[in-house]
Amino acid sequence: KQEVTQIPAALSVPEGENLVLNCSFTDSAIYNLQWFRQDPGKGLTSLLLIQSSQREQTSGRLNASLDKSSGRSTLYIAASQPGDSATYLCAADSGNTPLVFGKGTRLSVIA
Amino acid sequence: KAGVTQTPRYLIKTRGQQVTLSCSPISGHRSVSWYQQTPGQGLQFLFEYFSETQRNKGNFPGRFSGRQFSNSRSEMNVSTLELGDSALYLCASSSGTGIDTQYFGPGTRLTVL
Numbered sequence: 001k002q003e004v005t006q007i008p009a010a011l012s013v014p015e016g017e018n019l020v021l022n023c024s025f026t027d028s029a030i031y032n033l034q035w036f037r038q039d040p041g042k043g044l045t046s047l048l049l050i051q052s053s054q055r056e057q058t059s060g061r062l063n064a065s066l067d068k069s070s071g072r073s074t075l076y077i078a079a080s081q082p083g084d085s086a087t088y089l090c091a092a093d094s095g096n097t098p099l100v101f102g103k104g105t106r107l108s109v110i111a
Numbered sequence: 001k002a003g004v005t006q007t008p009r010y011l012i013k014t015r016g017q018q019v020t021l022s023c024s025p026i027s028g029h030r031s032v033s034w035y036q037q038t039p040g041q042g043l044q045f046l047f048e049y050f051s052e053t054q055r056n057k058g059n060f061p062g063r064f065s066g067r068q069f070s071n072s073r074s075e076m077n078v079s080t081l082e083l084g085d086s087a088l089y090l091c092a093s094s095s096g097t098g099i100d101t102q103y104f105g106p107g108t109r110l111t112v113l
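Sequences listed follow chains A and B, in order.
Heads up: the first sequence begins at 1 in the numbering used here, then just goes up one per residue.
Heads up: the second sequence begins at 1 in the numbering used here, then just goes up one per residue.
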């Protein structure tokens, strides 16, 4: 059974800092790994999807990497801004099975 | 392209009542998944419908049920509400085939008193 863990649960950084969010999963037989952002009381916004054959994906200041062999993914945020404050969730997709989510990392970027 | 819509956005019910939540997927998407989100348990999968058939089911009691219509719109129903059913209920749509991003709606906040 797939389990996804995100560490740390919460993170507070000053504006402008580069930061890394971690995600680990127990079953390496995944099709893809997705990163989402959730603002308080809102739905999820997809940030990046990394297919199992890929190593990383980039979108603007965001870069996500995937290492299936070690069961890890990281989300790198460059030059953080207060608007980046949100909860970041990763989810493992093992094919025609439901997404399995981590509990998220709550990020606060202080101006 | 319009996003995923969920109605109602907020709902307050009392224990023992039942509730129906609605989700309209992105046009052309045939898969709708439902999730329950609580502070303690995080996001937990309820069920997925694809072309009007339940394709996957999570580990929730039978009080939680769903269906999908021919236009891909989906409803979920919770009967005999309990205090612990208070949560944000999210639905997500996707094409349902191949490697595909799920697109989430804004959620329905259910409070059970």
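Simulated from the structure, these hints should not be mistaken for laboratory data.
All values reported here derive from a predicted model rather than from experimental measurement.
Be aware that one or more of the hints could be misleading.
Cut-off 25 angstroms, straight-line C-alpha distance, at most; resulting in silico cross-link-like pairs (SDA-like, lysine to any residue) [to be verified]:
id : chain 1 : residue 1 : chain 2 : residue 2
1  : A       : K1        : A       : K42
2  : A       : K42       : B       : Q37
3  : A       : K1        : B       : A2
4  : B       : K57       : A       : E3
Practice problem: Would you mind confirming whether the straight-line C-alpha gap from K1 (chain A) to K42 (chain A) stays at or under 25 angstroms? | Solution: violated, 28 angstroms
query: If you draw a straight line from the CA of K42 (chain A) to the CA of Q37 (chain B), is it 25 angstroms or shorter?
result: holds, 11 angstroms
Can the restraint linking K57 (chain B) and E3 (chain A) be considered satisfied, given a maximum Cα separation of 25 angstroms?
-> holds, 17 angstroms
Holds or violated: K1 (chain A) with A2 (chain B), Cα cutoff 25 angstroms? violated, 35 angstroms
Checked against the numbered hints listed earlier, the structure breaks hints 1 and 3; every other hint is satisfied.
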